[in-house]
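In order, the protein sequence lines correspond to chains A and B.
Our numbering applies: residue 1 is where the first sequence begins, and numbers increase by one.
Our numbering applies: residue 1 is where the second sequence begins, and numbers increase by one.
Hints listed in this document are in silico derivations from the structure and should not be mistaken for laboratory results.
Even glycine gets a Cβ: it sits at the ideal position worked out from N, Cα and C.
There may be inaccurate statements among the hints.
Stated by the list, open to error - Partial pick of chain B residues on the chain A-facing surface, computed with a CB cut under 8 Å: (1) Q135; (2) A139; (3) T145; (4) A146.
What the hints assert, rightly or not - Far from chain A by the CB rule (all over 10 Å, computed), these chain B residues: (5) T51; (6) Q62; (7) A68; (8) T71; (9) A84; (10) T88; (11) D91; (12) S93; (13) L96; (14) A97; (15) A98; (16) T109; (17) Q116; (18) A129.
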Amino acid sequence: MKAVLGLALGVLTAIGGFVDIGDLVTSSVVGSRFGLTLVWVIVVGVVGICLFAQMSGRVAAVSGRATFEIIRERLGARVGFANLAASFLINLMTLTAEVGGIALSLQLASGLQPVLWIPVAAIAVWLVIWRVKFSVLENVTGLLGLALVVFAVAVFLLHPDWAALGSQLALRPPPQSSESAVTYWYFAIALFGSAMTPYEVFFFSSGAIEEHWTPKDLGQSRVNVLVGFPLGGLLSISIAVTAAVVLLPQMIAVTSLSQVLLPVAQAGGTIAVIIALLGFVAATFGAALETTLSSGYSLAQYFGWSWGKFRRPAQAARFHLTMIIGLLIGLGVLLTGADPVQITEYSVVFSAIALPLTYLPILIVANDHEYMGDRVNGRLTNLLGLVFLVIILIASIAAIPLMILSAAGS
Amino acid sequence: MIRAPRSVRRRWLACGLVAAACFATAGCSPVYSPSGQLAQSASDASAQTQTAALTLHLVATQQLPAPAAQTALSDATDKLAQDASALTSADVSGHLAAARGRILSRLRTGQDLLIQARALVGGQAGPGATDAVVQRLQATAKALTALEKQLQASG
Chain A
1 MKAVLGLALG
11 VLTAIGGFVD
21 IGDLVTSSVV
31 GSRFGLTLVW
41 VIVVGVVGIC
51 LFAQMSGRVA
61 AVSGRATFEI
71 IRERLGARVG
81 FANLAASFLI
91 NLMTLTAEVG
101 GIALSLQLAS
111 GLQPVLWIPV
121 AAIAVWLVIW
131 RVKFSVLENV
141 TGLLGLALVV
151 FAVAVFLLHP
161 DWAALGSQLA
171 LRPPPQSSES
181 AVTYWYFAIA
191 LFGSAMTPYE
201 VFFFSSGAIE
211 EHWTPKDLGQ
221 SRVNVLVGFP
231 LGGLLSISIA
241 VTAAVVLLPQ
251 MIAVTSLSQV
261 LLPVAQAGGT
271 IAVIIALLGF
281 VAATFGAALE
291 TTLSSGYSLA
301 QYFGWSWGKF
311 RRPAQAARFH
321 LTMIIGLLIG
331 LGVLLTGADP
341 VQITEYSVVF
351 SAIALPLTYL
361 PILIVANDHE
371 YMGDRVNGRL
381 TNLLGLVFLV
391 IILIASIAAI
401 PLMILSAAGS
Chain B
1 MIRAPRSVRR
11 RWLACGLVAA
21 ACFATAGCSP
31 VYSPSGQLAQ
41 SASDASAQTQ
51 TAALTLHLVA
61 TQQLPAPAAQ
71 TALSDATDKL
81 AQDASALTSA
91 DVSGHLAAAR
101 GRILSRLRTG
111 QDLLIQARAL
121 VGGQAGPGAT
131 DAVVQRLQAT
141 AKALTALEKQ
151 LQASG
């Protein structure tokens with residue numbers, strides 16, 4: 001019974017923890033501008049993140065070491081540094097966007113300006129990381145994030161024209177959408193980047209060490225990923241559908257978090273709005289914790305410092321200092337008046353650019369018998385891994401030209 | 001003088017050529033043309049005005065709490081101000097200058113209506129006024145969309 005409850009908790013946490021500010025904003029922007037013609041990208045992105053998350057979780061559980069430690073050891077300091085630099089900078093951008101997302105969500109709930117909430121959000125993130133146990137922070141934010149299921153309920157409450165939505169899924173653009181091909185592909189890459197954000201993989205891998213996984217836990221880890229992440233992806237699709245049903249016909253292209261909320265209000269009124277706001281805060285707060293921890297994990301694992309929440313802060317001082325500095329940088333950027341939604345939009349595209357540097361090393365390490373013994377990737381996993389590396393490479397190369405040609409999707 | 005290895009120089013050259021090609025083709029992209037930029041501003045302003053109309057309607061039907069509504073209207077106000085600033089600084093002449101004038105005029109109407117909408121959400125006006133403001137916001141959004149289409153048609 002305890003094992004079943006543990007499994008259920010893991011899956012629910014994976015669902016609730018899947019969506020972050022990148023998914024909230026990008027899914028809604030895409031739904032409001034392209035209808036459901038880009039939903040296929042979310043599906044591809046979810047398959048990709050499932051593939052690489054279970055790969056990095058397996059590496060951690062089998063070798064007992066986290067991804068960055070092995071990447072540096074196996075591929076050398078130079079490749080390891082390229083991997084670190086790309087992941088760390090993207091992570092810092094994502095961290096800034098998530099802290100800004102918490103402030104915007106609290107503004108929606110209170111009406112107070114986000115500049116008042118930004119320091120509160122950053123301090124709250126630091127306090128939770130400092131004081132709360134890893135399993136508690138992961139489970140509580142993940143479970144509260146399930147409040148975003150309200151978007152899936154809203155889809156049905158809105159009584160959409162299912163035939164029209166089906167037609168959009170078959171890549172027939174809705175009549176209200178007059179976007180160019182360049183803009184379409186720019187947002188395809190943004191959506192792909194938001195689904196495959198590197199921090200998710202590093203957090204998953206380091207979390208496996210924090211929770212002392214062994215090869216015995218691989219079954220549960222696989223269920224968490226293969227059931228939880230796709231269901232989390234359904235939440236992203238629901239957000240896109242609500243925007244496609246309510247905002248697209250009124251030609252409202254989403255540019256702020258407040259607009260993401262309007263379809264839920266139309267579907268379920270004040271109660272639904274309150275539940276959605278709880279989901280916004282939980283999703284952004286959970287992701288802010290994960291990105292803050294990931295900044296500490298990546299640097300500490302590369303340089304071989306003592307790390308982990310399972311150690312007392314005094315025993316992992318540089319790990320904690322890195323996280324504090326990361327939060328202060330994010331705080332500083334946001335206090336200049338930078339728009340968190342714009343930071344989010346850029347972070348998902350730059351994330352797509354850096355993806356090969358993150359995922360290629362994981363694929364190499366997961367095939368190394370020295371670390372993995374007989375638990376190296378199977379043929380199917382390797383085939384899928386190679387297919388995704390090609391997709392990732394194309395997305396990475398095309399991102400900057402498409403950004404310039406589409407004026408960042410405007 | 002220390003020179004970079006040939007392979008490194010080749011890589012930098014390739015990156016430079018790709019970047020140059022992107023910037024060169026970006027010049028031909030419609031989003032960077034003056035009429036494209038005006039059309040973009042009209043489209044953005046229309047979306048913000050329509051957002052305000054939807055927000056006000058949801059408040060009137062008691063589906064959206066006041067803090068969320070005030071935030072949505074505040075966001076729309078800020079974006080409209082950015083659009084107005086972009087339009088004012090756009091370097092256009094001839095028929096495009098006339099088009100800019102028409103868009104700015106509608107945009108200012110939208111800004112005035114947003115002030116009224118925020119007052120309504122703040123409870124500083126009678127409930128009967130809400131429907132009228134919603135309709136005027138929708139009409140303004142429609143007019144801005146029409147101007148956007150005209151600009152797109154004229155290229």
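Results of checking the hints against the structure:
{"no.": "1", "hint": "Q135", "in the structure": "violated, 14 Å"}
{"no.": "2", "hint": "A139", "in the structure": "violated, 13 Å"}
{"no.": "3", "hint": "T145", "in the structure": "holds, 6 Å"}
{"no.": "4", "hint": "A146", "in the structure": "violated, 12 Å"}
{"no.": "5", "hint": "T51", "in the structure": "violated, 5 Å"}
{"no.": "6", "hint": "Q62", "in the structure": "violated, 7 Å"}
{"no.": "7", "hint": "A68", "in the structure": "violated, 5 Å"}
{"no.": "8", "hint": "T71", "in the structure": "violated, 5 Å"}
{"no.": "9", "hint": "A84", "in the structure": "holds, 15 Å"}
{"no.": "10", "hint": "T88", "in the structure": "holds, 18 Å"}
{"no.": "11", "hint": "D91", "in the structure": "holds, 17 Å"}
{"no.": "12", "hint": "S93", "in the structure": "holds, 22 Å"}
{"no.": "13", "hint": "L96", "in the structure": "holds, 18 Å"}
{"no.": "14", "hint": "A97", "in the structure": "holds, 22 Å"}
{"no.": "15", "hint": "A98", "in the structure": "holds, 23 Å"}
{"no.": "16", "hint": "T109", "in the structure": "holds, 18 Å"}
{"no.": "17", "hint": "Q116", "in the structure": "holds, 18 Å"}
{"no.": "18", "hint": "A129", "in the structure": "holds, 21 Å"}
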